Amino acid sequence: MEEIKKTQVEYPFLEKPVEIYERKCGHKIVFAYKKGGLLNISSWVKTGSINENDENNGISHFLEHLMFKGTSKHKAGEFDRTLESRGAIVNAATWKDYTFYYVTIPKGCDNRNFKDTLELHADMLLDPIIPDNEIGEPFDINNPKIKTKRERHVVIEEIRMRKDQPWTKVYNLLNKNLYTQHPYRRDVIGNEQIISTIEREKVLEYYKNHYTPNNITTIIVGELNFDEILPLICKEFDFKGRKNSENKEHQIDTPKNETTIIEEYAKINTGFLMFGYLGAKACDIKTSTALEMLCTVLGQGQSSRLYQELIEKDKEHTFNVVSTDYYHFKDGGNIFIDANFKPESKDKAIDLIKNQINKICREGITPNELKKAKKKLKAAFAESAETVSEIGETIGFYMTVCNKLEYVEKYIQAIEEITLEDIKFAASKYLDINHAVIAVLMPESYKK
Amino acid sequence: MERYTLKNGIKTIIKRNNNTPRCAIVMHAKINKDPAKTGLYYIMTQLFFQGTKTKTAQELADLMDENAIDISADKKSDYIIFKIQCLNEDINTALEIFQDIIENSTFDEYKKEALKIKGEFKADLDSPKLQAQENYYRTIFKNHPYGIGRQEIIDNIDLITKEDIIKAGEEIKNNAAKNITVVGDFEKADIINLLEKHFANLKSEDSADERTKVAEIKEPQISVIEKEDANQAQIFKGWQFPNIYSEDYAAIILLNTILGSSGLSSRLFLELREKQGLAYTVRSAFEPNILCGNFSVYIGTEPKNIKTSLEGFEVEINKIMTEPVSDEELENAKNNAIGKRQFYQETNLLEAILKGYYEFLGLGYDFEEKLTENIKSVTKEKLTETAKKYFSQPSVISILAPKKYLEEAGILW
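First to last, the sequence lines map onto chains A and B.
Letter by letter, the first sequence follows residues 62 to 509 of this note's numbering.
Letter by letter, the second sequence follows residues 1074 to 1486 of this note's numbering.
Note that these hints are calculated values from the structure, not bench results.
Treat the numbers as computed from the prediction; the structure is a model and nothing was measured.
Don't take each hint at face value.
To be verified - Chain A regions said to be covered by chain B (calculated; three or more residues, Cβ under 8 angstroms):
1. 148 to 158
2. 233 to 242
3. 369 to 376
4. 426 to 436
Stated by the list, open to error - Below, computed lysine-lysine pairings styled on BS3-like, alpha-carbon distance capped at 27 angstroms:
5. A:Lys407 / B:Lys1189
6. A:Lys208 / B:Lys1189
7. A:Lys328 / B:Lys1300
8. A:Lys301 / A:Lys85
Ideal Cβ placement from N, Cα and C applies to all residues, glycine included.
So that you can see chain A by itself, here it is in the shape it has in the complex (with noise of 0.2 angstroms):
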């Protein structure tokens, strides 16, 4: 057995400490015991669009897709159809800081599910081998001639879908405005010029710069024996010498210094609005937990005071919906209001919001507020640890884009330890309405 490190985590609500092994290559490796008769087996890497430029935006997420079409082992569909037929639920995701692979199947009997899983995965993520005919031809998509339809026109679509979603347009508009060099600047899925022309080659070399021993983290969920398994997952995961990757570091983006709106239009009745702020890093997990717990109070639920004030107590009932959420990023994470208002009152309904928004900056939280706002928190992560699925992806998100599992063993404490001026504190350098990005979709109407 070759040489590994092992260090152990307590996991708040599961019965047995998690298990953390690092192989000297720089892969890692996660045990989390969970009863019951699912898995989840995942791998997450360490690349999203933070690795993106202008030229190659969308590349991450295409890449995704691409690694399902299949490897010098298996041809494409094999594993989806080998899996599923085993009534497994097989996917990946993309977003800024991370790419995940994940399978979540019945455990079946003798372990066979989950060793035939393991080698499939493993050899998807080391082997993709990426064919022409899956990717399908470049194109100009401004003049598409091609007869044949692939992978390339399904990520199209994906685009097309987004840009009929109000508030996946509301976040994007807001999103490019957040930041003024950070490659969070750009959306993740690209565009369709990018995703149309771009070639195998410049797919196949970012998946080489990317997927490296030190960027992968291969997480093991469910009610199995690890001492049994890990070896074979050192053997399935044979980097064969494949060399680490040293990953860029980002200058963070510094919050603007007065409120910026940005304004766009579509075919719609109704009015979208996004604030966003600049967040804390991931790893500051003081001031992260502090700000969730800000947007807990601020917008969550029906007894948070947006919804309280703008919804129950507004006469004029200008707004359909508002709500708060708190993204975690590596570099910084976002802060979001998130409101539905009838199109006539935007003016009102951005002042009611700023309204809260600086009354929350000038008093802080109410003990009460900061009690409910714990309790909740706490319960939100008891219920994470209810599903494998769940469970793998809090540690996947924490290895990944926080580097370390220790900050969940900690997380509780780190709820319980907030205090109101740490709240106060939070909100006021962060919240602060000059820092604020406002981005608004109207109705074609409203266009001057």
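Based on the hints, put chain B in the right spot on chain A.
Structure of chain B alone, referenced to chain A:
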């Protein structure tokens, strides 16, 4: 899992799952009458959270959030489902809140709630996919409560009076057939005491289903929505199908698995997405509503592909009606469908919803085991025969796209 009948006659099933921090309590209550007015049951479910005799909406919301208690009431086609979920230590508080909202909701805020619902629904309807989907239901369940969507509720909700809602609430509380399912880590005696205490004032009567029957689709129908700026055409095609009691239920589950309900290896996915690159999303779905089920296929595609997509649907449906599936494909579909069923009960809440649903339908909480056996015994012949029986009936198509492309596809002229 075991059955227990409360003193008031409400049937309960209880399952202990050790070492689970959150427990789930679910109550199914049957809808046996057509709503007196469009949107009545929907607004009623929302108003359960808008104030009781002793608590305002904000107090209720605060109480739930302070204790991280989730309580919801959802109106489904055939029943209303109440879901309660909380950390184990808060179960008593959760049931106290539930009892209060069921017994003491005032429904005073119905006008405000109607405004809120109209606003939320208008926002939802800015999604072209949802518009096309609701148009599909409107067409396949014409003039029937099953076909009522957000637009119908927006148009009619102001006609609902407080008296209508009180009456509907009384019906649910005192008459509707109901059953309770509890799944979590607790002592059985404790949970029974809590249920006896908090559900004591409810009644359950198994009265006859008086709802209007669904009219049969006699001719193929196409219903279109013109949307000039749509980047994709939204296409739904469907057929009226039987319900869960049908002897064909297991075979239909397999038809759905093979055609497109399930992942990346289904026929529609392979043919229309992987081979023809027509879409990102293409799938099939089967909804076994009691009065009439429906089976649908869906694709979101570039508007100029409307004709090709409809032809693609036609080819796959014809194929499954006329050509027997191979032994391997049938075996794979069975293992796929049976294996996937574990996902439907992975958490306490999911298990309570599924088993409670079977018990509510009179199929027994252990119906899952019977269903697995039924799926295993479906033959190739049975599959083809079932496909022929239902897919040869007239279909309904709903398409949303720019006018120009509807004309090009020969759908508008």
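Evaluated hints:
Interface restraint, the stretch 148 to 158 of chain A with chain B: holds (5 residues with C-beta to C-beta distance below 8 angstroms; minimum three). Counting residues of the stretch 233 to 242 of chain A whose beta carbon lies closer than 8 angstroms to any beta carbon of chain B gives 0, which falls below the threshold of three, so the coverage claim is violated. Residues of the stretch 369 to 376 of chain A lying with their CB closer than 8 angstroms to a CB of chain B number 3, which satisfies the three-residue condition for coverage. With a cut-off of 8 angstroms between beta carbons, the stretch 426 to 436 of chain A has 4 residues touching chain B; three or more are needed, and the interface restraint holds.
Proposed proximity of Lys407 of chain A and Lys1189 of chain B is supported: the alpha carbons are some 17 angstroms apart, at most 27 angstroms. In summary, the hint linking Lys208 of chain A to Lys1189 of chain B is not supported, as the alpha carbons are separated by about 49 angstroms, beyond the 27 angstroms threshold. Of the supplied pair hints, the one linking Lys328 of chain A and Lys1300 of chain B holds, its CA atoms being roughly 8 angstroms apart against a limit of 27 angstroms. Our distance criterion of 27 angstroms between C-alpha atoms is met by Lys301 of chain A and Lys85 of chain A, whose separation comes to about 12 angstroms.
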